[in-house]
Each structure stands twice: as structure tokens, then as C-alpha cells.
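Each chain is listed here by its residues.
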Amino acid sequence: MASQNKQQQTMDDLTSQFLKHYVENQRRIYGLIRSLVPRCQDADDVMQETTAVMWQKFREFQPGTNFSAWGNRIAHLLVLKHYQKNKNLPSFKPEILDEITKDAHILNKQMTHRLDALLSCLKKLSSDDRELVKWRYEQNTSVKEISQKQNIASHTIYRSLGRIHNCLLDCIKRHMAVETSL
Amino acid sequence: MNTNNNENLKYHQQFLQLWDGTLSDQESQKLTELLSSDVQLRQFYLEFMSVNVCLHQLNDPVEDLIGVINDDQLQSKQILQDAIEIDQYRKELLRQQEASKNRTKVKKQAEDQLKEYLDQHEIHQKNNHICSRPNLVQKRSFEKGLKALAACLIIGLCFWLLVTPTSLYDVAKITYSHEAQWGVEPDKFYQDKKYHLISGLAEIEFNDGAKIILEGPSQITFESANGAYLDHGKLTAQVPERAKGFTIVTPISSVVDFGTEFGIEVDSNASVLVHVFKGSVGIRQSRLDHKDFTMIKQGQGKRLKKIDGDLTVIDVPGKQAYFSNQLNKKWDDNQVASISLYQQYIQSLNPDYYFPFELSLESMEGVIGMNGTPKVVSMGAELYKDQTNYALELNSEKQYVILDVFQRKEKRKTFSMMLWVKQINEQTDISPLLYSATFNETGYPVIALYLENQSIVFDSVTTCDRQKDVDYILVSKSDISPNQWACIVVTKKENGDLSLYVNGKHDKTINKGTDCPLFGWEDICLGYNSNIVDEATRGIFDGYIDEVAFFDYVLSSEEIENIYKHDSLAKNKNNN
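Chains A and B, in that order, give the protein sequences. Position 55 of the first sequence, counted from 1, bears residue number 54 in numbering that gives the first Met the number 0, the numbering being contiguous throughout. Position 18 of the second sequence, counted from 1, bears residue number 17 in numbering that gives the first Met the number 0, the numbering being contiguous throughout.
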């Protein structure tokens with residue numbers, strides 16, 4: 000009985016630790032996967048598998064080391080596996096995937112700062128642009144649906160979103176450059 | 000890449016379409032090819048992705064998080080969602096607690112809010128388990144884990160509210176100590192908790208990567224995974240690039256690291272001494288001080304005092320020896336010299352990675368490696384001083400070690416691997432020494448090295464062509480005597496020759512007529528075969544392993560003999 004309680008306690012500790020790390024880092028891991036597998040459905044499949052493998056292998060994770068880096072390594076391998084299984088998918092060469100993983104890891108480290116910067120930059124958008132961002136990202140409405148509701152061609156919406164993205168990216172860069180110089 | 004604005008807009012548009020899956024396969028392929036060939040465009044693409052991920056997840060992280068779980072796992076989704084909400088709720092309460100000095104009031108308020116929250120969400124506690132929803136079928140350990148996790152969070156939250164008002168987060172851990180005596184012996188270091196090192200030395204690693212060596216008597220409070228408040232005492236800090244910004248706050252100043260090694264002492268008069276051994280640090284009066292940093296560069300020392308409310312900085316001669324980054328004190332000079340001789344020879348052979356297992360397992364990060372830093376992940380294993388040097392000790396209780404070499408290399412057709420092994424007592428069962436597997440669907444082993452009936456056995460299944468798997472099994476002719484060190488080297492040539500060397504001498508070569516690569520990506524386990532699930536048949540290695548090295552080329556017979564000779568000169572494992 001005591002052994003069962005101990006086992007349960009260990010399991011509880013393990014799951015608690017896993018959740019704590021996972022909630023803190025899932026954005027970063029998902030970010031990497033989306034960079035390597037741009038298409039949403041595919042990326043979600045890889046993320047799901049990554050989550051399962053991370054959980055299965057969590058006993059091998061050394062507390063105190065970088066959970067995000069650990070998760071990224073697993074995600075990277077599962078992306079490779081995903082591309083091996085789905086050879087018809089447009090994909091990067093393995094060496095490019097390696098490079099993207101490294102670069103994405105560096106960018107992901109700044110995720111918190113980027114989020115802060117993004118929040119600030121969103122406020123600077125015009126009301127029309129903010130509305131579009133709200134539909135697309137907050138309400139997760141597809142471009143096709145927006146196009147139908149607003150009676151605007153999809154490519155026009157993509158062009159607008161591209162322009163907004165460009166503005167946001169410039170703004171975030173400026174924001175972060177100012178922060179660095181402080 | 001053309002960097003004008005129109006080009007940027009065009010690419011943004013294409014990236015959005017790629018993300019949404021509205022580009023045709025042909026267009027996607029074209030874009031990925033372009034991204035593969037244009038470094039600048041790739042960087043632009045990554046920045047775009049980073050923004051897009053933020054945008055998508057900024058407003059509804061919970062929904063996104065659980066969105067990756069399949070619909071057939073609705074129960075898990077619900078449990079995970081509960082768990083996440085509870086976790087977020089706990090964080091919010093922590094924030095409230097920090098914001099208020101009236102802890103009792105907040106605690107009462109939080110208890111009421113929690114009760115209300117649990118009632119609203121129909122989450123009930125019963126015998127340390129969350130009540131499952133009706134008809135929940137626990138099909139997978141993942142789901143079980145999530146349930147336990149949700150239960151654990153609720154229990155943890157209640158525990159925090161009722162018993163422990165301090166932080167639940169551990170932010171650092173001890174990696175080594177030397178005659179350390181603590182006020183209260185810590186297992187881990189928790190955020191915002193004060194610790195008193197009465198005497199001795201303790202090496203402490205922060206979760207973000209910085210390491211300090213704290214010298215008693217000292218009093219320190221861990222503020223985060225990348226900083227601490229030193230009330231009084233002395234420490235040295237080693238800060239890797241990833242932990243840049245590591246901060247030590249003292250009663251009169253804030254010392255911010257810019258990627259460096261430095262020493263700091265706070266005496267009983269709150270006067271602060273800072274010496275920089277490498278890189279530079281910046282000093283401010285406090286964290287809220289927006290004035291420019293006063294920089295201290297490599298080799299410089301400064302004494303900081305507060306005079307009439309202002310921080311005064313006085314130059315003093317730099318003296319690294321005054322600070323104790325000398326856990327190495329436990330090594331006598333001769334031994335350091337002899338180990339150095341041996342390691343110098345191994346280094347001269349340009350190993351791909353090399354794990355000498357000296358000093359402490361946790362300090363193994365950053366061993367030789369050309370790309371990245373492979374490191375040791377100990378699963379209960381420890382170092383043991385064997386004769387004149389340290390070695391990895393493994394047995395059923397000491398468990399095993401993982402050499403974290405993920406993503407280090409592609410599969411390779413040529414390699415050499417080396418290790419020293421000493422088995423305690425004679426064993427006829429299989430004793431796993433080293434195991435590495437590819438991360439493929441079948442989990443086939445790529446390399447397994449074990450001891451059986453006093454012979455070394457190298458077993459490997461190639462994975463380059465599943466239809467033509469080739470199983471290499473190489474059994475040594477020489478007996479490996481128990482209680483004596485043996486040097487084992489395995490080499491693989493491109494023509495398929497797989498050779499085994501024991502104690503510097505060639506033992507056996509086989510050739511299976513294939514040039515399939517043998518070495519994969521996966522971590523390398525020492526003293527453990529993770530491919531065998533059944534604990535009873537997995538086997539236990541009872542003994543020592545040391546000097547594990549991997550090379551991406553074939554060592555010559557002469558080099559292998561030299562390794563053995565050098566060891567006899569330096570480390571005395573060689574029994575001659």
C-alpha cells in the first residue's frame with residue numbers, strides 16, 4: 000500500500016512537472032514545428048505526436064535543463080519522420096531543417112520579448128487593420144471565410160495581412176532594438 | 000534576397016498562404032526550394048513564423064494547446080484544459096500574493112475564490128484523485144498522466160494556499176558540494192526562499208544555465224532561474240551565453256552579467272567586492288536604476304560602497320584566487336597533471352565527442368565537440384574514485400547514464416568508439432555497456448555493446464534499408480577478466496570491416512559485405528539497454544565505465560595501442 004502511494008506520488012510529481020514545463024514552453028515548440036512544417040494540419044499532427052513522445056520520455060528529461068531545447072530536439076526528429084512518411088509533401092532538405100531548427104531556437108528564446116513587443120505594436124495598427132487581425136487571429140476565422148463574409152477577394156485579404164505582418168515585424172524589430180540598447 | 004518593401008510584402012503574402020495551406024503543392028515546393036537556397040530569405044521566413052505563432056497563440060493559448068489533441072481524446076482534452084486553467088489560476092494567485100503585503104487577506108480571498116472556482120467547474124477532490132467524468136476510459140498512459148496531473152495541481156494549489164505561502168518553483172539545484180554545511184540542508188532551491196550556507200563550498204546550477212560556487216558563510220535568496228540576492232557571503236559565477244543577463248543583487252547594488260565569469264563578495268558592512276575573471280559585468284545601484292551601467296572588464300576589480308546614499312565605486316587590484324571557483328581543490332596537483340596528459344592525447348586524436356567522467360557528472364557539459372555541446376544526463380549513476388581517478392559507477396541501484404548527443408551527426412559509415420570497462424565480479428548474464436538506437440518507427444538498435452560470459456559482444460542492426468537489414472555480431476576472442484580494467488575499441492571502415500580491439504591489441508574483424516551506416520542520432524545509454532522493455536531480461540551492468548569517446552573516422556592500430564599506453568602512463572587503469 001505504501002509502495003502504491005509512493006508510486007502515485009511519484010506519478011503526480013512527474014505529471015505536475017511535465018505540465019509546468021509544457022505550458023511554459025509549448026508555444027516555443029509549436030513555433031519550431033510550424034517553421035519546419037508550415038501547413039497547419041501537418042504541424043498539429045507533429046505537435047500531437049511530439050507531446051505524446053515528450054510525455055513518454057519525460058522520465059529521461061533532466062530537471063533543471065532546458066525543457067524547450069529538449070522538446071525541440073524531439074520535435075525536430077518527429078518532423079523528419081513526418082517528412083519520411085509523407086514523401087510527397089513539399090519539404091526542406093534535412094540540412095536546411097537542421098539550420099532552421101537552430102535559428103528558430105534562437106528566435107524562440109526571445110519569444111516572451113516578442114510577445115510583449117507584439118502587444119504594443121498591435122495597438123499602433125489602424126482600426127481596420129486591427130479588425131482584420133481580430134478576425135483572423137483572435138477569432139481564428141480563415142481567410143476564405145473572411146473573404147466570403149466581407150465580399151472581398153482572398154488575395155486582397157492576403158495582401159492586407161501581408162502588409163500588416165510586414166508592419167508588425169518592423170515594429171517588433173524596432174521595439175527589440177530599443178530594448179537591447181537600454 | 001531583394002530586401003525592398005514590395006518583395007517583403009510579396010513574401011509575407013506567400014508565407015501566409017503557405018501557413019494556411021492555400022498555396023499549391025508546386026508553389027509550396029518552389030517556395031521551400033527558394034528558402035533552402037536563400038539564407039536571408041530563410042531568416043525573414045523565421046521572423047515571419049515567429050510573429051505568426053505569437054499572433055495565433057496570443058489570445059487563446061489554452062485553446063491552441065488543447066487543439067493539438069485529437070477529437071477522440073475529448074476526455075483528455077477536458078482534463079488537460081482543467082489542469083491548465085488550474086495552473087493559470089494558481090499563477091494568478093501567486094501574482095496577487097506578490098502584489099499584496101497583506102498575505103492573510105489574500106490567502107483567505109484566494110481560498111474562497113478557489114472554492115468558488117472548483118464548484119463552478121465541478122471539480123472535486125476525493126482521496127487525492129480528481130473525480131473522473133462519467134465513463135472515462137483510461138486507454139493510454141498519457142490520459143492517466145493528465146488525470147493525475149490535474150489532481151496534482153489541485154492538491155498542490157490547496158497545499159500552497161493552506162500550508163506553504165512561499166513559491167512552489169525550484170529555480171536551481173546543487174551540482175556539487177565540498178564539506179558544505181547548511182542551516183537547512185536543501186535538496187533544491189526554491190524561488191524567493193532564503194538559504195544559509197554555514198561553511199564549505201557548494202556548486203549550484205540555475206535552471207537557466209548559470210553556475211555559481213557559493214562559499215560559506217553566506218546567505219542567499221534565489222530570486223529566479225537567472226538571479227539571486229546575496230545578503231552576505233562570497234560566490235563566483237560562470238555564466239554561459241544562454242544565461243546572459245544573470246543578476247546578483249546585493250544590499251547596495253545589482254551586478255548584471257554580460258556573459259562572463261566573475262566573483263562577488265558582500266561583507267558584514269554591506270560593502271561589495273567584484274572581480275571579473277572573463278568577459279564583463281555591469282553594476283547599477285539597484286535593478287530599478289535606469290542610469291548607465293558601470294562596466295567592469297576582464298581582470299578588473301571594484302569595491303562598491305554606499306556613501307551618503309550614493310554608490311561609490313573604487314578600483315582595486317583583480318585577484319581571482321581570492322574567490323573559490325576551486326572545487327578542484329579536491330584534486331591534488333599530480334593527479335590533475337596525469338589526467339591532463341591522457342586527455343591531451345585523446346584530444347590530439349580529434350574526437351567527435353569525449354566523456355572523461357572527471358570531477359562531477361553534472362559538470363560534463365561542454366566536453367570536446369565540434370558542433371554543439373553533448374552532455375551527460377545521469378539517471379542515478381555516480382562517479383566513484385577508482386584507484387587514482389574517477390570513473391562512472393553503475394549497478395542496479397546506480398542505474399545508468401545517457402550521453403545526450405541528439406542531432407549531433409547524420410548516420411555515418413566510418414567511426415571508432417572507445418571505452419574503458421571494469422566489471423565487478425564474474426557475471427554470466429548479459430551486462431549492457433552501451434546502447435544507441437535510431438529514432439525510427441521500429442526502434443531498431445544501431446549499436447549495442449555488452450559483456451556476456453566474459454566476452455565483449457558488439458551487436459548492431461543497420462537501418463539504411465529495411466528490406467536488407469544486416470545484423471552485425473562481433474564477439475571478442477579475448478576474455479575480459481572481472482575486477483580488471485579493459486580498454487575496448489570498435490572501428491568501422493567504409494568497406495564494411497568492423498574491428499574489435501581489446502587492451503590496445505586487434506582482437507577480431509568481420510565484414511558483412513555492406514557499407515550501411517551504423518551510427519544514428521539517438522542518445523547513447525551507458526549501462527542500460529533501453530530497447531529491452533522487460534526489466535528482468537534487460538540485464539544489469541555491475542561495474543565501472545570510463546573514458547567514453549567517439550570518433551568519426553577509423554583509428555589506426557597504432558593510435559589504439561597508444562591510447563592504451565598513454566593510459567598506463569597517466570591513469571593507471573592499465574594493469575601492466
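Be a bit skeptical, because a hint or two may be false.
[As the list claims (entries may be wrong)] Among the chain A residues that face chain B by a calculated CB cut under 8 Å, a handful are:
(1) S34
(2) R113
(3) R129
(4) L131
(5) Y136
(6) A152
To be clear, the hints were calculated from the coordinates, so they are not data collected in a lab. Ideal Cβ positions, reconstructed from N, Cα and C, are used throughout, including at glycine.
Going through the numbered hints above, which ones does this structure break? Give me the numbers in ascending order. Hint check: 3, 4, 6 fail, others pass.
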